[in-house]
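*Asks:* Use the sequences and the hints to build the structure in full.
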Amino acid sequence: MPRFASALAVLNEMKSAAVLEEYAVAGAMAIVFWTEPVPTYDLDVLVWLPPSSSPVVTLTGVYTWLGARGYRAEAEHVVIEGLPVQFLPAHNALADEALRTAASLDYEGIPVRVVRPEYLIALYLEPGTRTPRRRERAALLAESPRVDQQRLGELLERYGLER
Amino acid sequence: MSDASTSRRRPSRELLEQLREGKAQLRAQRRNLSLAEKVGAVIELQRACLPLLARQRPLRSWERVWDLEP
Numbered sequence: 001m002p003r004f005a006s007a008l009a010v011l012n013e014m015k016s017a018a019v020l021e022e023y024a025v026a027g028a029m030a031i032v033f034w035t036e037p038v039p040t041y042d043l044d045v046l047v048w049l050p051p052s053s054s055p056v057v058t059l060t061g062v063y064t065w066l067g068a069r070g071y072r073a074e075a076e077h078v079v080i081e082g083l084p085v086q087f088l089p090a091h092n093a094l095a096d097e098a099l100r101t102a103a104s105l106d107y108e109g110i111p112v113r114v115v116r117p118e119y120l121i122a123l124y125l126e127p128g129t130r131t132p133r134r135r136e137r138a139a140l141l142a143e144s145p146r147v148d149q150q151r152l153g154e155l156l157e158r159y160g161l162e163r
Numbered sequence: 164m165s166d167a168s169t170s171r172r173r174p175s176r177e178l179l180e181q182l183r184e185g186k187a188q189l190r191a192q193r194r195n196l197s198l199a200e201k202v203g204a205v206i207e208l209q210r211a212c213l214p215l216l217a218r219q220r221p222l223r224s225w226e227r228v229w230d231l232e233p
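So the sequences go chain by chain: G and H. So for the first sequence, the working numbering puts the first residue at 1; every next one is plus one. So for the second sequence, the working numbering puts the first residue at 164; every next one is plus one.
Quick caveat, the hints were computed from the structure, so don't treat them as lab data. A virtual CB, placed ideally from N, CA and C, is assigned to each residue, including glycine. The reader is advised that the hints may include incorrect statements.
Derived contacts from chain H toward chain G, CB cut-off under 10 angstroms, selection only [claimed, not checked]:
#1 LEU178
#2 LEU179
#3 ARG193
#4 ARG194
#5 SER224
*Replies:* And the structure:
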């Protein structure tokens, strides 16, 4: 049976192979890294794709590289070592900053970059994506002792986000 | 007719605080699990939640119990 760590190792390989310029785990699994287990079914990975001459952002290179290694695409996911993974190109300056400042953690000997909790909260509170579930997850994270409340306040103010 | 809402026995404030404290302790324990234990807990949550979710709506292709070891 594949191991969760093996899927994380593939992310690092993708970065080494320049298929991804940078990555960081985001979404519910990032919450799990920072606080308590929550139900989720996939791994969201925030990414910067390598520079390209095309103005259109496409995940074709990602899917091709993974497909050549036997990892199949299913709808908007790719199943890597048994784990459905969704690659999310950074969509704005907040996502860029979340990616740039991600923490390097260790999972069973495998290094993994994870979006810091203050940035996860800010991403959950972005206008246009504020669903009740995302607000609930922001609230769950916000009460975690791992959150730097001063950094969070500064971040929300700088990006004009409301709790 | 008696008013059930006024005659029903209620828990004391101390009992409610004790219950909330117990819940907070449980959550703190779960926060302090190792990362591998947390991934194991996510898989357990998937086993518990998916049948309930499936009763409410069709499951999406990726909504399944992860076939992997933590």
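*Asks:* Could you run down the list of hints and mark each one as holding or not?
*Replies:* The hints, checked one at a time:
1. LEU178: violated, 23 angstroms
2. LEU179: Constraint on H:LEU179 not satisfied, violated at 19 angstroms.
3. ARG193: holds, 4 angstroms
4. ARG194: At about 5 angstroms, which falls below the 10 angstroms cut-off, the nearest Cβ of chain G leaves the hint on H:ARG194 intact, so it holds.
5. SER224: Given a least distance of 5 angstroms, the restraint on H:SER224 holds.
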